[in-house]
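Take the given structure of chain D and dock chains U, X and Z to it, following the hints.
Protein chains: 4
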Amino acid sequence: MIFDPATDKPQDECGVFGLYSPAPEDLAWLTYLGLFALQHRGQEAAGMCVSDGDKFHVDKDLGLVTQVFDERRLDGLRLPNARVSIGHVRYSTTGSNLRFNAQPLTTRTNKGILGLAHNGNFVNAREVRSGMLMEGALFQTTNDSEVMLNLIARESHMDLVEATASAMKELKGGYACVLMSRTQLLGFRDPHGVRPLVIGQREGTGGAGGAWVLASEPCALYAVGARLIRDVQPGELVWFDRDGLHSLMVEPKRPTPCSFEWIYFARSDGALDGVDIHESRLRMGAQLARENPIEADIVVPVPDSGIGAAIGYARESGIPFDYGLYKNPYAGRTFIAPTQEARELKVKMKLSPTSAVRGRRVVLVDDSIVRGTTSRQIVNLLQDAGATEVHFRVSSPPITHPCFYGIDTAARKELVASTHSVEEIRQLIGADTLAFISERGLREAIGGSGLCGACFTGEYPAGTPLLNDVDKLALEV
Amino acid sequence: MIFDPATDKPQDECGVFGLYSPAPEDLAWLTYLGLFALQHRGQEAAGMCVSDGDKFHVDKDLGLVTQVFDERRLDGLRLPNARVSIGHVRYSTTGSNLRFNAQPLTTRTNKGILGLAHNGNFVNAREVRSGMLMEGALFQTTNDSEVMLNLIARESHMDLVEATASAMKELKGGYACVLMSRTQLLGFRDPHGVRPLVIGQREGTGGAGGAWVLASEPCALYAVGARLIRDVQPGELVWFDRDGLHSLMVEPKRPTPCSFEWIYFARSDGALDGVDIHESRLRMGAQLARENPIEADIVVPVPDSGIGAAIGYARESGIPFDYGLYKNPYAGRTFIAPTQEARELKVKMKLSPTSAVRGRRVVLVDDSIVRGTTSRQIVNLLQDAGATEVHFRVSSPPITHPCFYGIDTAARKELVASTHSVEEIRQLIGADTLAFISERGLREAIGGSGLCGACFTGEYPAGTPLLNDVDKLALEV
Amino acid sequence: MIFDPATDKPQDECGVFGLYSPAPEDLAWLTYLGLFALQHRGQEAAGMCVSDGDKFHVDKDLGLVTQVFDERRLDGLRLPNARVSIGHVRYSTTGSNLRFNAQPLTTRTNKGILGLAHNGNFVNAREVRSGMLMEGALFQTTNDSEVMLNLIARESHMDLVEATASAMKELKGGYACVLMSRTQLLGFRDPHGVRPLVIGQREGTGGAGGAWVLASEPCALYAVGARLIRDVQPGELVWFDRDGLHSLMVEPKRPTPCSFEWIYFARSDGALDGVDIHESRLRMGAQLARENPIEADIVVPVPDSGIGAAIGYARESGIPFDYGLYKNPYAGRTFIAPTQEARELKVKMKLSPTSAVRGRRVVLVDDSIVRGTTSRQIVNLLQDAGATEVHFRVSSPPITHPCFYGIDTAARKELVASTHSVEEIRQLIGADTLAFISERGLREAIGGSGLCGACFTGEYPAGTPLLNDVDKLALEV
Amino acid sequence: MIFDPATDKPQDECGVFGLYSPAPEDLAWLTYLGLFALQHRGQEAAGMCVSDGDKFHVDKDLGLVTQVFDERRLDGLRLPNARVSIGHVRYSTTGSNLRFNAQPLTTRTNKGILGLAHNGNFVNAREVRSGMLMEGALFQTTNDSEVMLNLIARESHMDLVEATASAMKELKGGYACVLMSRTQLLGFRDPHGVRPLVIGQREGTGGAGGAWVLASEPCALYAVGARLIRDVQPGELVWFDRDGLHSLMVEPKRPTPCSFEWIYFARSDGALDGVDIHESRLRMGAQLARENPIEADIVVPVPDSGIGAAIGYARESGIPFDYGLYKNPYAGRTFIAPTQEARELKVKMKLSPTSAVRGRRVVLVDDSIVRGTTSRQIVNLLQDAGATEVHFRVSSPPITHPCFYGIDTAARKELVASTHSVEEIRQLIGADTLAFISERGLREAIGGSGLCGACFTGEYPAGTPLLNDVDKLALEV
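Chains D, U, X and Z supply the protein sequences, listed in that same order.
Quick note on full-length UniProt numbering: the first sequence kicks off at 1 and runs consecutively.
Quick note on full-length UniProt numbering: the second sequence kicks off at 1 and runs consecutively.
Quick note on full-length UniProt numbering: the third sequence kicks off at 1 and runs consecutively.
Quick note on full-length UniProt numbering: the fourth sequence kicks off at 1 and runs consecutively.
Since the hints were derived computationally from the structure, they do not count as laboratory data.
Mixed in with the good hints, there may be bad ones.
If you want a taste of the chain X side facing chain Z, the calculated C-beta under 8 Å gives, among others [stated by the list, open to error]: (1) 36; (2) 39; (3) 91; (4) 352; (5) 386.
Even for Gly, the Cβ is constructed at its ideal location relative to N, Cα and C.
So that you can see chain D by itself, here it is in the shape it has in the complex:
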């Protein structure tokens, strides 16, 4: 996981988006709207490609969607007869080649020019890459998408759909991808459905069916005026062309979607795999209250991600909900931090206690604790503001293991729960009591048929990387 010092939250790596329109549409503009709705999934780079069946335009850069695509650059992507487009937002990893690693990745192959954007991670990408290097392949980026594209290009005797299905079988891990040629839009999800991908459709006009949409979350469908059709199934490959939606179940396995989508990542205005995000958070809060009741005066969320669980907790416990922490809406902006105190300052500049906590026993509800540093500061803020007791409640179980499915891995030793007991963490953060939701309680609150909880349990449904096999010399940047 990548840590933002001011949030100490796990960070999703990416959001993907795609459009196929039977009739000409302003796809650059629609993709801009879709990416804007997915901005919370990746703040460091944005990009898109658009094709009209002939021209194939791409633009991408470091920055927010609204920073990368000013009017001039968006105009440069507008094609009067655009039919296919994909887009991507990325929470970038560190490295010297950031700019060149932005997605979508575009390339010319024996199947024509292709654009690919992915969310997630291929756990065996290094091994596959290493083998292809030995066969004479080039890798211009350290982006996993390039491995997928090489696999697709290698099957020169297959058509694009066949070659993509073949590549899906070769790559392991948790991922959701959108892929476009000049005339087709494809989308696919790993066999376990770890990363989300949904299908939508816009209203048609003039007898024609409306444009098809793929997106990491339903909010991006709504942003372009589409309704949710269904989720792409685990292991399913879908594609769109003049004949509409096609589907191939390439390699379906037991579904284990990432539980953190419901805990924290996904926007609360949608549902994934049939489970409403907001309602599941209310249930997590209620479950927390049942599992870990306490006597207190108010329930306060860490805004904004703790709000749903805090309301659920308040309702179940009967303790009044209140707004005890003001969140500065400008806190996400780049902030000069000249000294060692930068991290603490960022929390203080972001969150500020209101009078609600003064003289009160506070139940503080947050969605997760990664390293615990931020939690300690928030507890301190409340205590300094006169809270008489602070009872910390967390709507996820302790995070003890790294993620290998697209939530970039932090060293395990940085995860406070991997080396400390709950009581030790309580002492570290200075709360009067501390409780996490149980893993079983979380599964009940989310419901559904299965969940990936690898970061709580260390059981990785979609495999782990074989780090020792890697040809390090050839692969490092």
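Same frame as chain D, now just chains U, X and Z:
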């Protein structure tokens, strides 16, 4: 009032900040922190001056605090022995000279070099300016601060404090100002205290007293580690030098602070004139519930400004509070809006209904309605998402008159409540019921000794501009 | 004088430009063209104002004309019915307020809104400013234009032309100014005509007379399709309105235009005060050859400013002209210079010897020597490239005194010729022989009725500043 | 050829630069200096890679060297123990992927990470690329370097030097390349030596040999303090490692270096393939005078590229050389050109006649005529300025055929000399007489063993593209 199409809220014009430190401090950095905390009071320009008793540096530009002051520009303001500084954030009016109208305004006078930043408006500035023009004065900006500085400079026989007091007597209206020379920090508030200004002090070190702070709101004191000492009194002039805090009551009149500070402008993590912001909003919501009860399933705030009143409403009514509208945290960013539908799109990109409203009777709580266009769209969003009833509750009375005290005036005809009855507005916005808090209820909820409610009543405690006297030819830009 | 380390040349401070058109014209665009032609007179800031009789737009910033005025900013200045405009390029002095000191300066006065841009310097500006401060005036910049504008505004009983004439009488020094109101363009030149200003007119269309133009040099007239009408006379005030060109001889004295306009500043494609620039440089070179003959193989100019004199030298001496120094056309760009060797590096990156000098006795012709550091490096370059002898010839006399008329003053001790004999300078720069043109020879080469040679002689025709009278505390930035 | 509307000159596509240092050096800084000296070979993109044997940093972007590499970005490339670096400047072709086509191109291969930059063109790149696509290769750019890198990577059994030699044999055309791994610098030139590449070495320190340098022209050697060792030979592959310089003659053929390097491209302060640039231009001018004598008063160059030939013409003919055209040194800057008259305006803003031409019969010397539009305008300028006759002399033969060796091809029909006789061109440009140097005269003036004159003769020594074989669908962007 200036309207932001995506909020349709009244817009405060400015935030001011000032520091006087008996010992050398990194005042550029502290001013940056203070302005960052006041960012919500003005998003279009930021500026500051810093002096060490000898050098006098100024920098300002269009943009957010974090955009104007990157590390290089902040470094350019750092003086090793800095003792005095002021800062400003501005919600800029339209006009061709935006860049040159940014504050603080600096000028050389017979009292040495001065810097001035103000929040608010001088209602007789045009008349005063016109008279001075006839006497041979120059005006390089259309900024009211320049009129104040000319008045101060004109009294060449007085010292800075006397000249400032004299200028306060000449200018009418609602304002709060910070003023600095190389060695002094001054602050003053209009006779009625329409605009806010608070005094704080940092912890001293090494026997010395800590730095003195002036700010529009307490949050900016906390941001620099200062505690609230007290509010500057209506009509009071305070100044700081080596001997600490000095005060002169220049022209105190009946206090009538702006009620919109409690309704909407001020951050919920502080108190103004002794009245806590968050608590007053809870009381407004409770008052609304008492005045306008309704049967419903959930109470939903328009985030973020309606949260406090919604919690108050929910508690008083017993109807559960829920999060029915997701707010995109990136919605404040510059957003390309290529078509006529831009305004509607901005609302849709900003607010999105959650499943909480589906099949429910919703009490929707917002702080104000200006033109009503945004309200109509929010009601539509909820109805489209399956809300069976929408009962709109507003924690301010109908706005029927323009403001002349620093909340820039919209044409009166644009204020929907100046030309429509409550029932007509209800029909316009499509709600099932609509109710505003009563003016008396608002005054009770806020409490305190007096309030300016000119925009509800048309009674202007601090006077109105005499538009006909203005020498228009000489004054227009 | 301001020294550019890579040229070691005296630096002109500014170029001015103005337009009055009886019929609507795209004056923003024409002013852009005019300023582009004057770019060599000032590279650090550019600005312009445009009026259509009602609106009055201004924009200015640090940077070259083409950097400040991109299409968006130029469009912002375009008025469909524009009639009056002025523009300015500036070689900026150091200081913390650079951005705010850019010209034109605009201000509202009892004569309406005015814009002023000047080239040159008022030697008694500090005294006048000091007096006005005591009377209650404000000074927002350290720009001399503001003093002139205050003097004009002070005469509230006079019209603009009378007030300007009155201000001309009060301010001493060497200057050329353009001034505009919404409906008039004014231009004026100091009593001695130290700084240049020319009048041109465009071809009229449809019976109307063509637009009138004022500019520092004729090249800017040609750039907008105007022909040269005449020079503004020393001490003359001209103005343009619906009735055409008007003139008032305010205070004409003995003409002494700046000799450095012919030596170095002015572009070679024009004439000033009736004397052609290119031809005068040929004559300077010929004069140098007559005064200081030498036996050599080739005559080499320091490009580009030494070309004219080198051709003249070659013709008079019969020694072949050749291109011995290549000049990198990108050398004017901002160049990172990380070490102490920066200055030397800049010369080396700019100038590079060709094979023409190998094994040759070289006469090297340059227009001036200020500190001598660059001259030494150029001599070294030639010697390293195999020149057997280097005979340095300079087409200006030794610079021994600072300039007070708009060529910003360096400390006198930095002028190598003020503290060293010609023989000492020769040793410093390492040339085999060194000779400067004589002052009399220069005057003969330029011709005309009189010349300012204060920097060679210390005789200042237009007075010197009274530095001791200045109220330093009140005036410093 | 790419046409710059304000010059109408053939445009070189690129400059390359490389360094191998036995001891740690600040290679990022030295590469910056080298690229700055080569800026005239490509103004639209710049880039470099640096390695210390372990890390491998790359940065590149659109813009001049000084625009791309500000201090921050240059610092990002600084490695304390840097040993190898390459750099590139590019005159970019049009296309939607400009940013991604900038060089050096970097990629991970079975030979480790590689960086490649090239000047010139592979005439069979499309065929090779097409074949590799069919074998499953990806092409992310439309850059020829990627084809070269694929060829190198394909030979997985060979080491880097062997694989590069093998790739040289496969690719046809005119090119000069620099290639680096983490520990080696390679350079190679096509079999005919069409594009230039020189070897230099810096002074060693402390017993160690100095850094080795590769560059398109000697000026870049001098810029980093290196002396010229020799030219890379046609068909030669050189490489540098701890043991110094190694060489392999891969495929030497009859040398035919591009004649336009001497006519126009190369800086006049160096020599290529043993022939001094400046001297050859003097000889071209003398040859022109012998071949096409005329009676006239002055010889005037089109600055700066016609200067050398004009001096040669003047000496041979005895007609005085003079500066009849002033060149605005800011003319290379981006210039807003809002109307159809843009092209003409650019010439007028760039060149301006001096008084030297008034009443004179002028021999005007330029290096080439491509489309003739600019030539016509220059002739007009001189005539308008009073030249009584204009005799146009061109130091290259008529350009009748496109170039396939790195000077990007214009459509043949745009070359005025391919469709018009000399007399017709004379009429088009309005000169009194017009003469080009003969092809034989040019060869004599340059000397050396052979020259590529394909653009004059249509005889292409290094082959031509087989356009019909191209798989267009798969290859277009």
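How the hints compare with the structure:
1. 36: holds, 6 Å
2. 39: holds, 5 Å
3. 91: violated, 14 Å
4. 352: At about 4 Å, which falls below the 8 Å cut-off, the nearest Cβ of chain Z leaves the hint on residue 352 of chain X intact, so it holds.
5. 386: At about 12 Å, which exceeds the 8 Å cut-off, the nearest Cβ of chain Z leaves the hint on residue 386 of chain X violated.
Checked against the numbered hints given earlier, this structure breaks hints 3, 5; the rest are met.
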